[in-house]
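**Q** Construct the entire structure; sequences and hints are all you get.
Chains as they are written, first to last, in the working numbering: chain E, 2 to 235; chain D, -15 to 396.
Hints are computed from structural coordinates only; laboratory data are not their basis.
Some clues are possibly wrong.
[What the hints assert, rightly or not] Calculated pairs, BS3-like style, for lysine-lysine (alpha carbon to alpha carbon, straight line, at most 25 Å): (1) K141(E) <-> K0(D); (2) K196(E) <-> K165(E); (3) K305(D) <-> K86(E); (4) K248(D) <-> K72(D); (5) K304(D) <-> K78(E); (6) K78(E) <-> K305(D); (7) K78(E) <-> K383(D); (8) K165(E) <-> K305(D); (9) K78(E) <-> K72(D); (10) K129(D) <-> K115(D); (11) K86(E) <-> K304(D); (12) K192(E) <-> K86(E); (13) K238(D) <-> K86(E); (14) K25(E) <-> K129(D); (15) K86(E) <-> K190(E).
[Claimed, not checked] If you want the ones that stay clear, here's a sample from chain D, every Cβ over 12 Å from chain E, calculated: (16) G64; (17) P79; (18) S95; (19) K115; (20) E126; (21) V155; (22) D192; (23) D260; (24) K267; (25) E292; (26) L328; (27) L353.
Note that beta-carbon positions come from the ideal geometry of N, C-alpha and C, so glycine has one too.
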Amino acid sequence: MSLIVAENLSKQYISGEITIDALKGLSFEIEPASFISFVGPSGSGKTTLLNLIGCLDTSTSGMLRVSGTDVSQLRGKSAADFRGKNVGFIFQDFNLLPVLTVYENVEYPLLMVQDTPLGERRSRVLSLLDSVGMIEQKDKYPDQISGGQKQRVAVARALVTNPKLVLADEPTANLDHKTAYMVIDIMKKMKDESKTSFIFSTHDQKVVGEAEIIYTLEDGELAGKSGKGGDCHV
Amino acid sequence: MFNLMRIAIRNLMRHKRRTFLTSSLITVGVVFVLVFIALSGSFKNMMVSQITDSFLGHIQIHQKGYVASIDTLPLTMNMGAQAIKKVKKAISDVPEIEAYSMRIKFGGMFSNFVETSNIRLNGVYPEEEIKTVPLFSERIMEGKKSITRGEILVPELLAKGMKVKVGDIIVIVATNKDGSVNGKQFKVGGILESATGPGGRDGYIHIDDALEVLRMDDVAISEIALRLNNFTNLDVAYNKLRNILLKELNKAGKPVFEVHTWEKLSPFYNIARMIDIMTLSIKFMLIAIVLISIMNVMIMAVYERIREIGTIAAIGTLPKKILSMFLIEGFSLGVLGALIGNVLGILIVYILNISKITFDFGRQTGLVLEPAVNFSDIFTISTIVIIVSVLASLQPAFKASRMEPIKALRHV
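**A** Spelled out as structure tokens, the structure:
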């Protein structure tokens, strides 16, 4: 069964008397344990699409099913509940909580969202920090580590709840190339280990090449789909 | 809860100076209120105790209408033997009453054989009087600390004005109930310190001497002063007595007796009320200080952390947890301010106590202030501060919890 199914998905923003069509009737399916990239110029609808998939926003029309649940109109508590159980997020600006240490940042979703028991919490956090190579820095605060390290912590935080899906909006935009590749490598490695699907948006053509499937968005429409094996039909 | 508290405290420590300033403001407010309550409470209790324990008693019983005519000390409104019997029975039915003193109050002329002046006198049974108003003997500045037959305790001002001293012979002339005049010589047994309030400048003689001066065959009492075993039982004892005595009706079907607490008899009660109102006003000021300072800090905290709120909301933190996170932050600020304020307040009250600050009230000088902080004051103030802190955080916390994660994450 597909992890994500979108049918005729549209999103309009209304600003005064102007209506902006951010997404125009998108239809696609994403399989579990995929490594997907959405690419396109600014304003093409990448972030809007990730927000809809992550239940941070609601669609104007169409259907969007994530992990068997129609999330197109999920709001408030039920949306938060769904995100907490199914989705991990990686942000462009890392968005680590500055008052928590590296360990505590990764632990946060288990503690505040899922109420996981201490022993299990500890083993999962340490295992993930080890996987992303941040175990040595676990007691440091975000302002004591580099940008690349912050994003590795963010990857660990996104995966700690064993989500089915991790959404990353421009995860490498604030990183140099070397660090960006390193982060993408870690994401791929984690995808292989945890069988979690990673969907990320990016501008960086070199990073795009690391994705298994690349969707191209233009003016809110799917303009193309390509994979490592060549172009695919959209 | 512990984790929410830990995060709240870390967030507070993020802006140490701001947290310090806010909690300092609350601390100053708490200290101010605590010290004010301790000082004003000490002043009030001391004055109430001075008034009730040195001449007034806690409760007084009179024949109906006596208090309205008290300036003329009418002998026609004294309680006769039957009435006294009924009052004594009522007193015995109220276990909160520890002692009582029957008084004959009358006005007369005081002569030192050279000059003559007016005097208000109380004829009392000395033992009853001392039991009912235990500070009475402390008011005797010179002479014997008792009232014996043939002797008079002269109020301080009259003694000075008439230039009499202990051991002098004076004459009291008084008109009795029927209008006939009688006089009797007395030896000045002591000089009595003045006290603030009605009856605070009266002279005292033995009740048998009063009967003699007034040519009374039977005892007819003007007032009965009562002392309670515990001052806090004032309302209980008052209501019990009223319920018993107000059932006693005259032929016209109107009550025979009237019962008054010290509050109705002493003008100091208005000062005491004023102190209570001032204390209440100070508490309102504290509420305003806490409300404004906490609300200000929490609004700023929410505004500064919009992206963080967006992040934790996106991760899946439920709105009620975000609400709790900010409420706990306000709560912690309140607890911190209240805690430090209480400690400093108690310390200052202790220092004031060992400093032995004195003050004068009316003609009473050198009264030593003994400010005290009791647990109920600390509890009340702390509760007010903490509740107001949480209430002040409610609006910002609610705003944070209702924030759309997508908008919050876009915030720059």
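**Q** Does the claim that V155(D) lies outside the interface with chain E hold up, using a Cβ gap greater than 12 Å?
**A** The claim holds: V155(D) sits with its nearest Cβ about 88 Å from chain E, beyond 12 Å.
**Q** Does the alpha-carbon distance linking K78(E) and K305(D) stay inside the 25 Å limit?
**A** holds, 11 Å
**Q** Verify this label for me: L328(D) is non-interface relative to chain E, using a Cβ-Cβ cutoff of 12 Å.
**A** holds, 28 Å
**Q** Mind checking the alpha carbons of K86(E) and K190(E) for me, to see if they're no more than 25 Å apart?
**A** Holds: K86(E) and K190(E) sit about 22 Å apart, inside 25 Å.
**Q** Could you check that no beta carbon of chain E comes within 12 Å of the beta carbon of G64(D)?
**A** holds, 80 Å
**Q** Determine whether the non-interface label on S95(D) survives the test: each CB of chain E must be over 12 Å from its CB.
**A** holds, 87 Å
**Q** Please verify that the nearest CB of chain E lies beyond 12 Å from E126(D)'s CB.
**A** holds, 73 Å
**Q** Grab the minimum beta-carbon distance between D260(D) and chain E and tell me whether it stays above 12 Å.
**A** holds, 45 Å
**Q** Holds or violated: are the alpha carbons of K248(D) and K72(D) at most 25 Å from each other?
**A** holds, 22 Å
**Q** Sort out whether K78(E) lies within 25 Å of K304(D), counting only the CA atoms.
**A** Between K304(D) and K78(E) the Cα gap is close to 9 Å, so the pair holds against 25 Å.
**Q** Compute the least Cβ-Cβ separation between K115(D) and chain E, then decide whether it is above 12 Å.
**A** holds, 67 Å
**Q** Is the nearest CB of chain E more than 12 Å from the CB of L353(D)?
**A** holds, 47 Å
Violated hints, in rising order: 9, 13, 14 and 25; the structure is consistent with all others.
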